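Turn these sequences into a full structure, and let the hints guide you.
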Amino acid sequence: MPLQVPELLAVDLDRGFAELVRSHGGVVYSVLLRLSGSSRDVEDLVQDTFLRAYTALSGYSPERRGALQPRAWLLAIGTNVWRNHVRTLTRRPVAESGVDVGELPLTDGLPGPEQRAEHVAERERLVAALAELPERYRVPVVLRHIAELGYAEIADLLGCPVGTVKAQVSRGLAALREMPRLTQEEVIR
Amino acid sequence: MSGRYEGPGGPAGAARAGLNGTASAEGAPFGFDSLRGPMPVDLGIRILRRAGVPERAYDRYSLVEGPVVALFVAHGRGAVTGAGPVDRYAGPEDFEEQHLLRTGRAALPAGRPLPGVVGALRTGRDRNLRYDYGTLPESRSRVLEAVRGIPRGQLRPVGWLGAEAGVPEATAAELLEAVRSGPAPVLIPVHRLGDEDGRPVDCGLPAVLVERLRAYEGIDEERLGRFAAAGTHYLGSGTTRIFCYPTCAHARRITDRHRVPFGSVAAARRAGYRPCLSCRPVAA
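Keeping their order, the protein sequence lines are chains A and B.
The numbering of the first sequence is numbering that gives the first Met the number 0, which starts it at 0 and goes up by one.
The numbering of the second sequence is numbering that gives the first Met the number 0, which starts it at 0 and goes up by one.
In short, the hints are calculated from the structure, not lab data.
Hints may be right or wrong, so weigh each one.
[Claimed, not checked] Partial chain A-side listing against chain B, Cβ under 7 Å, derived: (1) D13; (2) R14; (3) F16; (4) E18; (5) V20; (6) R21; (7) Y28; (8) S29; (9) E42; (10) Q46; (11) F49; (12) L50; (13) R122.
All of these numbers come straight from a predicted model, not from anything done at the bench.
Glycine included, each C-beta is placed from N, C-alpha and C at the ideal position.
Put into structure tokens, the structure is as follows:
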């Protein structure tokens, strides 16, 4: 790929930002969807993340824009946006946490075309299990395995030592494995 | 509650060692792959709008189901900026990346295609579309505009393009190179180009697709084959004393009794015929 986002950002903020949205929109969306656990507010969170990114980029020098690690940088903003969102939610009496498992569309128990339903059900069970995972494991697991960030990047982002991140990711995976929703035959091969 | 997560108990512990030991080979435990996906269509464009990014900084594109083949069609500022058959790309992302390389602009998915594109594909007439040829040299964009001038269901030899586009000195190879550099094959009807006998040329599209596009437009290959075998490249009308390309609409309505075949423009001229003003064979 001869044309990378940071180069484009350094040359032309607007075109670079459009390319940033195109190339990284999916990962920001996927991560925020799994962090918040419900699809209700995700589009707002994604918009918020990118709008903050744009404001920040407008203030950066071309050199700084050119040196950007776009994925980790965007997800740092996204994680903060999500945290603020959760904090706002907890202040409201309606929802107690950012994760609303009851809202997740579980295909379990729904009859459907066998093969596809089996695949979809498997995915939905993972989604639900992930949403049940405590936040301190869920965040690093999502950043590691959905965003595919390196441990050092995650450590930077969360402000903790690399070893801690590794431990949390591995405990998170272990916890997922023990979830009753994810039966052993399906997950561990 | 949390104690349950701390212990690497039982079978999970065994699996965990394998997963954790190979950080790079972790790949996608649990099928995390299935949880990665694109943004909802239009979300990217909504973000750019809200951020106040001007429209000249990006393009949109959509998947358009044509009658013969599905196309990705990108557009910006009211003009088509790029298009191509879906199966020529590894996927939407491949199209997006190639678009960025060619135009320098990101193409974001949009739910609605540029107005007129669906109709242009259905009718084979793209006259009411505008194209943004970007950095293509002007001589090349003139060649492409000439290709657009070939009516649906008709064929023109490559040499015809030179005179039409105002580059009479260009060789057939150069003209074809210009055709292949076009940003929107199929939408720009490159399949309506042929050699002297109307046989398909290397217009940048796969031969099978060219065949299907021609069949859809009702080009009678069998009739063309008969003319080719007889060495006929032009048809004259004995009543009007005008000669045309064989696929010209006027040539197709000449009755058998009045149809006069010619092998060359010179032969037609000698017989006292003048070239048709619609298909303009005079340059050939």
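Inset, instruction - Verify the interface restraint on R122(A): the C-beta must sit less than 7 Å from at least one C-beta of chain B. - result: For R122(A), the interface hint holds, since the closest Cβ of chain B sits about 5 Å away, which is under 7 Å.
Inset, instruction - Under 7 Å, Cβ to Cβ, is where D13(A) needs to be relative to chain B, so tell me if that hint holds or is violated. - result: It holds, given that the least Cβ distance between D13(A) and chain B is near 4 Å, below 7 Å.
Legend entry - When the least beta-carbon distance from R21(A) to chain B is tested against 7 Å, hint result: holds, 4 Å
Legend entry - Hint status (Cβ of R14(A) to nearest Cβ of chain B, threshold 7 Å): holds, 5 Å
Inset, instruction - Please verify that hint: Q46(A), Cβ, nearest Cβ of chain B, below 7 Å or not. - result: holds, 5 Å
Legend entry - E18(A) as an interface hint toward chain B, with CB separation required under 7 Å: holds, 4 Å
Legend entry - Residue hint V20(A), partner chain B, criterion CB-CB below 7 Å: holds, 5 Å
Inset, instruction - Tell me if S29(A) is really an interface residue toward chain B, meaning its C-beta lies closer than 7 Å to one of theirs. - result: For S29(A), the interface hint holds, since the closest Cβ of chain B sits about 5 Å away, which is under 7 Å.
Inset, instruction - Double-check F16(A) for me: the hint is only fine if its C-beta lies closer than 7 Å to a C-beta in chain B. - result: holds, 6 Å
Legend entry - Minimum beta-carbon distance criterion (7 Å), E42(A) to chain B: Cβ of E42(A) sits 6 Å from chain B, so the hint holds.
Legend entry - Hint check: 7 Å Cβ-Cβ cutoff, L50(A) to chain B: holds, 6 Å
Inset, instruction - Double-check F49(A) for me: the hint is only fine if its C-beta lies closer than 7 Å to a C-beta in chain B. - result: Where the cut-off is 7 Å and the nearest Cβ of chain B is about 5 Å from F49(A), the hint holds.
In summary, this structure violates none of the numbered hints.
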